[in-house]
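Colleague: Here are the chains, one letter per residue:
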Amino acid sequence: MTYTALLIAVMALCTMLTRFLPFFVFDHESSPPKYILYLGRVLPMASIAMLVVYCLRDTDLTSGIQGYTGIIASVFVICLQAWKRNLILSILGGTVIYMILIQIL
Amino acid sequence: METFSRRKTVKKAFAASVPVMAGYIVLGIGFGILMNEKGYGILWTLAMSLFIYAGSLQYAGVSLITSSVSLVSAAITSLMVNARHLFYSISMLEKYKDAGKFKPYMIFALTDETYSLLSDGNVPEGCDPHFYRFMVSLFNQCWWIIGSGAGSLLGKALPFSTEGIEFSMTALFVASFAEQWLSSENHFPSLAGLFSSVICLILFGPDRFLIPSMILIILILTIAHRMEEKRK
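Line by line, the protein sequences give chains A and B. Counting in this note's numbering, the first sequence runs from 1 upward without gaps. Counting in this note's numbering, the second sequence runs from 1 upward without gaps.
Next up, chain A with everything else stripped away, as it sits in the complex (with noise of 0.2 Å):
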């Protein structure tokens, strides 16, 4: 139980590590670098692009129609995206899908 508290406030310095440290850095400075600011502008969409791989990066191509349950989630979830532009109800009908797919099949 301590250890559990001792993880989680691992985690929530880890976290507040990766946020505040900009500021710390660049704080001084009457602005960041140019090239700073230009990974400021692109590094959002890209690790976006990277978590979406992360999240389906246990995807098994070899185990039949099981293996793609993720996958065809989430076309649903960018077809539902690219139709109405929400983004709740992208995730919402996305996981529901998933949830019906992984305990029927």
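No wet-lab data here; the hints were simulated from the structure.
Straight-line Cα separation of at most 30 Å, DSBU-like style, residue types lysine-lysine; simulated pairs:
#: 1; chain 1: A; residue 1: 34; chain 2: B; residue 2: 232
#: 2; chain 1: A; residue 1: 34; chain 2: B; residue 2: 230
#: 3; chain 1: B; residue 1: 11; chain 2: B; residue 2: 95
#: 4; chain 1: A; residue 1: 34; chain 2: B; residue 2: 103
#: 5; chain 1: B; residue 1: 12; chain 2: B; residue 2: 97
#: 6; chain 1: B; residue 1: 103; chain 2: B; residue 2: 12
#: 7; chain 1: B; residue 1: 97; chain 2: B; residue 2: 11
#: 8; chain 1: B; residue 1: 95; chain 2: B; residue 2: 8
#: 9; chain 1: B; residue 1: 95; chain 2: B; residue 2: 232
#: 10; chain 1: A; residue 1: 34; chain 2: B; residue 2: 97
#: 11; chain 1: A; residue 1: 34; chain 2: B; residue 2: 95
#: 12; chain 1: B; residue 1: 12; chain 2: A; residue 2: 84
#: 13; chain 1: A; residue 1: 84; chain 2: B; residue 2: 11
#: 14; chain 1: B; residue 1: 101; chain 2: A; residue 2: 34
Just some of the chain B residues that point at chain A, by a computed CB distance under 7 Å:
#: 15; residue: 23
#: 16; residue: 173
#: 17; residue: 192
Computed footprint of chain A on chain B; a stretch qualifies when at least three of its residues, placed anywhere within it, have a C-beta under 8 Å from a C-beta of chain A:
#: 18; segment: 43 to 50
#: 19; segment: 163 to 169
#: 20; segment: 212 to 226
Positions of the beta carbon are idealized from the N, C-alpha and C atoms, including for glycine.
Once you have looked at the hints, place chain B on chain A.
Modeller: Chain B alone, transformed into the frame defined by chain A:
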């Protein structure tokens, strides 16, 4: 010195946070249910939502605490999963610069969703920008805490199997990816991210590909930036 109505600012901030409210309550419920399934009650759930306040890490954290990993691997996982916050903070450096007493909390609470609400820099007319951003951040965390608490309490009572609820996290990222793709003209950063992580996933396997992917992404984007600069 301009005078701003605090009340109006709070109202506008509340209105801005409504889209996130739905998402955070849904994702928070998912997290609370997951914690509950693994035998961690509402106090653990609330502590994580209060102090960590990072959705993807909290989902990943459920498996970290159930398998009691070492503190070092918990730290590395947290840094990797949250490395994208560095980028959010970098792009908010200017906007948060003069936020004064609100600044520490605003930085602490800079999640994906808060970032997506505040990154365009627009603040409703007649609102104190720093107080507005502070209130949006605060409302968002309230939704997250309410959602995860509700999920923890609901978990036992739900009449159907919640197996697969963890996909809400994937769906969040996939939908954000689709939205960014649809709303931007330059798809290069998205493609660089996708390409780098798939290549690294194949090369390094599912447990070790995050760090190499990040390095490759920064490398590709830096080269693209250099080439762009040269052309000018």
